[in-house]
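A.B. asks: FYI, UniProt numbering numbers position 150 of the sequence shown as 150, with every residue one higher than the one before it.
Wrong hints could be hidden among the right ones.
Ranges of calculated distance between the beta carbons of each label pair, as one might list FRET restraints [claimed, not checked]:
1) LEU330 x GLY126: 56 to 64 Å
2) PHE6 x LEU161: 53 to 61 Å
3) LEU5 x LEU161: 16 to 24 Å
4) LEU330 x GLY124: 14 to 22 Å
Since the hints were derived computationally from the structure, they do not count as laboratory data.
Even for Gly, the Cβ is constructed at its ideal location relative to N, Cα and C.
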Amino acid sequence: MDMILFLTIAIVVFALAFDFINGFHDTANAIATSVSTRALKPRTAIYMAAVMNFIGALTFTGVAKTISKDIVDPFLLEKGSIVILAALISAIAWNLITWYFGIPSSSSHALIGSIAGAAISAAGFGVLNYTGFIKIMQALLISPFIAIAGGFLMMTLFKVLLKNRNLFKANKRIRYLQIGTAALQSFTHGTNDAQKAMGIITMALIAAQLQTGDDIQLWVRIAAATAMGLGTSIGGYKIIKTVGGKIMKIRPVNGAAADLSSAMIIFGATLIHLPVSTTHVISSAIMGVGSAQRVKGVKWGVAKKIVLTWIITMPISAALAAIIYQLLNLFF
Numbered sequence: 001m002d003m004i005l006f007l008t009i010a011i012v013v014f015a016l017a018f019d020f021i022n023g024f025h026d027t028a029n030a031i032a033t034s035v036s037t038r039a040l041k042p043r044t045a046i047y048m049a050a051v052m053n054f055i056g057a058l059t060f061t062g063v064a065k066t067i068s069k070d071i072v073d074p075f076l077l078e079k080g081s082i083v084i085l086a087a088l089i090s091a092i093a094w095n096l097i098t099w100y101f102g103i104p105s106s107s108s109h110a111l112i113g114s115i116a117g118a119a120i121s122a123a124g125f126g127v128l129n130y131t132g133f134i135k136i137m138q139a140l141l142i143s144p145f146i147a148i149a150g151g152f153l154m155m156t157l158f159k160v161l162l163k164n165r166n167l168f169k170a171n172k173r174i175r176y177l178q179i180g181t182a183a184l185q186s187f188t189h190g191t192n193d194a195q196k197a198m199g200i201i202t203m204a205l206i207a208a209q210l211q212t213g214d215d216i217q218l219w220v221r222i223a224a225a226t227a228m229g230l231g232t233s234i235g236g237y238k239i240i241k242t243v244g245g246k247i248m249k250i251r252p253v254n255g256a257a258a259d260l261s262s263a264m265i266i267f268g269a270t271l272i273h274l275p276v277s278t279t280h281v282i283s284s285a286i287m288g289v290g291s292a293q294r295v296k297g298v299k300w301g302v303a304k305k306i307v308l309t310w311i312i313t314m315p316i317s318a319a320l321a322a323i324i325y326q327l328l329n330l331f332f
């Protein structure tokens, strides 16, 4: 078999594996709050998230195009297929490590850091598309702060709307609202996160000269959507436990406020074709919601650990991808 074709097939397999792992790694983003408040049973929530992730993944392609051309230009990579394969192996490894320890790290940071690290290892810092890369970095870094503010404002609005109501009765009704917000959160997760694997596969097809434009082929969209949906159906219970209870004690009104505000932010990013970390956004929204209710109610020690993971994910995954590229380069 031609080596380029072999590497391209390997990339497709690893990209779909990344999407599958992303599905169960990031399931908590969409359903942790609804599970922790018992608005949904875990298995029901996971199946609903799987279906909505699949639908969301098929609906948009703008983020995939951003990933395929705004970090590095695939046409400029002499050994582009090896770069992409190294990036995928690195991102998958980091996702599995953080999933094992129940840490809600960012799959987006891991993948983007890995692409940059492998590309730099192959061709130096000049290979990066700095205009596009900086734009992506800005979206990844700013979105958590927007989510904190959004969660705070949404919870404040809920408090105003419910101030003259019996909170116990209101929370019982809001559990039904949470089913809708969890479904919306799952849909927006699919519109943004699933597209990252689509972008990677498209990069590989361009690097192998199997396509010339950045259009996302239909089979790529269906395959990535299916992989994420199947991954989501397995569920990531360790991360659900962290996001759904260790940041703060979540009641139905808190969960609905966090889900609604974070879904709006993720979908807004999708509409302007920017990848964001759904993990960062939902975790930050929960912190914002908790701050609006009672600052001391947020377990800031857990929050600090999550933030530390956010900070170290990109440089570690970049360094890991650089090493993996050099190892793969010895064999291909």
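A.B. asks: Each hint: holds or not?
C.D. replies: Quick rundown of the hints versus the structure:
Restraint check, LEU330 to GLY126: a C-beta distance of roughly 23 Å breaks the suggested window 56 to 64 Å. For PHE6 paired with LEU161, a C-beta distance near 59 Å keeps the hint of 53 to 61 Å intact. The hinted range of 16 to 24 Å is not satisfied by LEU5 and LEU161, whose Cβ atoms lie roughly 59 Å apart. Between LEU330 and GLY124 the beta carbon distance is about 19 Å. The supplied range of 14 to 22 Å therefore holds.
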